[in-house]
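Protein sequence lines, in the order shown, are assigned to chains A and B.
Per my numbering: the first sequence = residues 24 to 137.
Per my numbering: the second sequence = residues 383 to 495.
I should point out that these hints are in silico values taken from the structure, not numbers from a laboratory.
Predicted, not measured: the structure shown is a model, and the values here were computed from it.
The beta carbon of each residue, even a glycine, is placed where N, CA and C say it ideally should be.
Some hints here could point you the wrong way.
Said to hold, decoys possible - Here's a subset of chain B near chain A, in silico, CB distances under 8 Å, partners left out: (1) P421; (2) L428; (3) G435; (4) P463; (5) G467; (6) L470; (7) G482; (8) F485.
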Amino acid sequence: SAVISQKPSRDICQRGTSLTIQCQVDSQVTMMFWYRQQPGQSLTLIATANQGSEATYESGFVIDKFPISRPNLTFSTLTVSNMSPEDSSIYLCSVTDYWGDEQFFGPGTRLTVL
Amino acid sequence: TQLLEQSPQFLSIQEGENLTVYCNSSSVFSSLQWYRQEPGEGPVLLVTVVTGGEVKKLKRLTFQFGDARKDSSLHITAAQPGDTGLYLCAGASTGGGADGLTFGKGTHLIIQP
């Protein structure tokens, strides 16, 4: 399975600022996704990061708030913009393997907004 | 919108007991995956079930996919403290990994020695 790393692993940010989270994979992957996990909750899909084109967002998530880049097949970034305390969550990136049936997750970025 | 109902949400049992976690939906999934997540880490994939009626075993864990591919169960035999964690089921609506996963709410499992 792919090895996925995320930076930063955690951060504490002030209200109104923005944070960019990086996701790096050790091999080329077709699909990359970004999820949010609010405290004590399960995972919710934010968007699919498409290589070379705009990300595809799920209902309730918009590009202005969560801009995503995917410049190549091994790297993606998620920015959380104009943060508020409600954005305090764990943000996780995931990738699908070559056959596409299995999805693997990075270690997550724990964000706290004061 | 596809939903996955996972139950129970919380379960605390003694070491050596057996338990079953259920994941149900009114929608058909092309595959269903079970993950285990520990505090401060990302979910770790345990198994993927693809075929209706499929049963997979991973040591003391048995996973089953319903015949209609709408539900799944995870059975743990002789639970051990090391099994403690958050168990998540997640369904894929299409094959080939084209879509993200729909997650159940998770089962917080505590195995007491």
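Going down the list of hints, with the structure as the test:
Interface restraint check for P421(B): the shortest CB-CB distance to chain A comes to about 10 Å, outside 8 Å, so the restraint is violated. Given the 8 Å rule on beta carbons, the hint for L428(B) is violated: about 11 Å separates it from the nearest Cβ of chain A. Proximity of G435(B) to chain A is violated relative to the hint, the smallest CB-CB distance being about 17 Å (cut-off 8 Å). For P463(B), the suggested interface contact is broken, since its CB lies about 21 Å from the closest CB of chain A, more than 8 Å.
Checking G467(B) against chain A: minimum C-beta separation of about 13 Å lies over 8 Å; hint violated. With its C-beta approaching chain A no nearer than about 6 Å, L470(B) sits inside the 8 Å limit, and its interface hint holds. Interface restraint check for G482(B): the shortest CB-CB distance to chain A comes to about 4 Å, inside 8 Å, so the restraint holds. Against a cut-off of 8 Å between C-beta atoms, the interface hint on F485(B) holds, since the closest Cβ of chain A lies about 5 Å away.
Going through the hint list in order, the structure does not satisfy hints 1, 2, 3, 4 and 5.
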